[in-house]
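K.L.:
Chain A is fixed; fit chain B onto it per the hints.
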Amino acid sequence: MTVTVTDAGPDATSSSRRAASRVAAVAYRYGLLGVLVVMLVVFSLLRPAFATYPNALIVLQSVAVVGIVALGVTVSMTTGGFDLSAGACVGAVVMVTALTMVRFNLTGATAVVAGLLTGLLVAAVNVLLTVVAKVPDLVATLGTLFLFQGLALIVTGGQSVAPGMTVDGAPAPGRYTEGFAWLGGGTIASVPVPVVVFALLAALVYVLLNHTRWGRALYAIGGNPEAARLAGIRVARYRALAYAVSGVCAAVAGILLSARLGRGDVGAGDPYLLQSVAAALIGFAVLGANRPNALGTVVGALFIGVMINGMTMLNAPYYAQTFVQGALLVGALVTSYTLRRIS
Amino acid sequence: MTFAVTSVSKVYGATRALSSITLELRPGEIVGLIGTNGAGKSTLIKILSGATAPTSGTLSYEGRPLAFAGPLDAQAAGVQTVHQNIDDGVVPGASVAENLTLDSPAGRGWFVTRARVRAAASSVAPGLALPLDAPVESLPASARQQIVIARALARRARLLILDEPTSTLSEVEATALAAQVKEAASQGVAVLYVSHRLSEIETLCDRVAVLRDGELVATFTAPLSREPIVTAMLGPLTAPPTTPPTAPPTAPPTAPPTAPPTATRGATPTAPPGAVAGVASFRDAPAGEGLAGGREVLVAEGVRAVARGRAFGLRVRAGAVLGVTGLVGAGKSELLEQLGGARPLLSGRLLLDGEPYRPKDPRAAIGRGVVFAPEERAAQAIVPGWSVRAHVTLPWLRRHSRSGLLTRRSETAAARHVIDLFGVRGPGHDAPIEALSGGNQQKVVLGRWLAGDPRLLVLDEPFRGVDVAARADIGRVVRDRARESAVVVATSDPQELRGLADRVLVLYEGSAVGELPIAEATPERLAALMSGTPPQRPAAPMSGTPPQRPAALMSGTPPDHLAAPASEHLPEPPHEGSA
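Respectively, the protein sequence lines represent chains A and B. So the first sequence is numbered by the UniProt record's numbering: it starts at 1 and just counts up by one. So the second sequence is numbered by the UniProt record's numbering: it starts at 1 and just counts up by one.
If you are wondering where the hints come from, they were derived from the structure by calculation, not from laboratory data. Treat each hint with caution, since some may be false.
Restricting the straight-line Cα-Cα distance to at most 20 Å, the calculated cross-link-like pairs of lysine to aspartate or glutamate (EDC-like) are [said to hold, decoys possible]:
1) K360/B - E178/A
2) K360/B - E301/B
3) K134/A - D361/B
Extracted from the complex, chain A is given alone in its bound form (with noise of 0.2 Å):
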């Protein structure tokens, strides 16, 4: 007996140890999906409306024009870019396709192409400044932000474009298409237009991530550009598709914003940048997969969305819904990058 009590002294603490560190590993891997459960839990409880299906719409409605986004940032980052531009780009489209059907007048159907021709336009000056240029992601992007923040105000002339505005002296010829309109208020079998778009922007973008031979290269290139580049893969080009991706969600995400205000705001893009890049970061903490990831991002952007919901249906001030995102991109920080460290 004295031998095994001898004996436990280490292995005491070796295996507590080990324990620690196997908490640690379900905490990587499952902490956010956890703490997501316990909020649907409590917030359920407290407030019996937030567990309705007209409520859970109301969420998803709220989370889809980020998660588009936030979708697109993910592809950005696979290859070890970021798109800063995001939001911007947001801003951008809902201007353009504001201007398309009130100043000039023209179809619904136009102002989309309009749209997603202003997101390729802004993925292609990311590309010129982060492949050609070769200047480093984060300040070339950042760069591209100012452009079309300021270039959307330009065409405006710094002001909102709503039907009805005076266009030098006489009323704006047009207004906001009712198929436009449908995108951002319709519905299909009772789920909301961007909603729909959401799940399948989601499908497409982890379908292209998880399987696919580009999804592949371009995590390689993430990876490590030059042992991809030395295994055969195009790095510029893949570089290049990453920001198309990621400029396309962004004018999908601006198209289904602006038909949903029914009027071009200025700054109606601004808050897109950081929510979307929160819920790509916190995704990386989903299922242990410390790196950008389409289901991650999901789960991301519906935290966020669950979090804000929860707490206005509780009264707590939405001047405090800010910190709370923070505190919680924090959390998820510590998940994907202190917590692996440990399991």
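P.N.:
Frame of chain A, contents of chain B only:
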């Protein structure tokens, strides 16, 4: 006034990086330190500069023992180290004067003024003819190097360690550096000069210490000649190099080796051209077959390894392995990267199966059936966290896709194939590649290239950081593969080419200096070529030290008096200055 290293050993885990090194560094003397990759040079420098402590043995200065808790201790004791990367030692954006005075920007006082900085800079480097107000990045590399060295000397250096100071310098710049080093030595500083460039060692050093596998195998005293130095660096080429007795069978059972693995190894100097004396373990066909048969897969005309090298040509036949060897910095990687499309062709032209071949990137090379496995596994081949399977299929993703989607089954099959072919040992294809040992990781990143049925395999240092058992596995598969493809293998250790290559191309400081059949690649010929000694001239006998008879060196292990801690046996350097 002498720094003494006495019986210093360093053990990392199971690896013995240094075994019982004894070396004296005397004031005014420039001692060269030379050895191949992994010989222990860096470890010795780290110990001397206080970055790591020896496992056993002592350092002393004038008989007083030194114990360094860290680099600052070593600096306080007068040991100044200038590291290989020059730009680690200068602050970009600051002026020359500011860089010279980093240790005490304005002497005493609170405020830094330009005048005070200039005055301080002049006192740091009185003899340095550099524009003090110029931004440091506007200077050539050699001038930046001079600044770093001047600063090191100004810290009251007693021992100056220069770690490959010329690796990024041109030849002219290196000459300027040599003058500065000689000047320092004449002031009574002991200099330890680490370099791969033999010409510099030869002209600059009073004494040369040669490390091999963590042991001090020889020291030579000036006048120096390159050939014996290289012979000592490379070691006995006749020893069994690649196949340990415990290695798995080295050839498939259907094609037994024509010779037992070690019986015919060790070409003798008298072997006639084309003889099969060099045949060894990896071979399942006589060497002559590779030489005679097979179409010319790759013909290179007027190519260069590096811009300053001379142009040369080379030919690689199907069914043959061309070994490329040379010391570190000879331009092997640069040459292979051009063949593999990883860097643009410097000059000349390439023909692949008779067709012009000028790949603009690795992808273009792969498209033409040329695959290139780079030298640095971690930096150039491994994607952190990825599975073995994903590493195997990365170059061939299109093949594993069906209607745009990757098929797991096809990827798994490819990974299993590589695992079986090379005998990869580890937790399987789904595990992250980091879970494998270095040798098994190497099998994976080499093995993936065979999946493409390449016409030409270009392998840069395939045995780097690989244990002996894995070496045997890799050598066997490469040799087997060479029955269908042409293979180019670069290595700075010619032992690895024994039994693998049919011909050996030797590079020296960027130029091709010889190509010969493996049977003629005798230790002394390789040593002569690798050290840049003209082939006609027999090794010049060296005055001052008795042991330089080549016959003594080539016969296997170096004579005892070479392997012994040299400072006790060798005469003093020709000039005075020792205590």
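K.L.:
Compare the structure with each hint and give your call.
P.N.:
Verification of the hints:
Simply put, K360/B and E178/A have alpha-carbon atoms about 53 Å apart, too far for the 20 Å limit, and the pair is violated. As the CA atoms of K360/B and E301/B are separated by approximately 18 Å, the hinted pair is consistent with the 20 Å bound. Proximity of K134/A to D361/B is assessed by CA-CA distance (about 18 Å); at most 20 Å being required, the pair is judged to hold.
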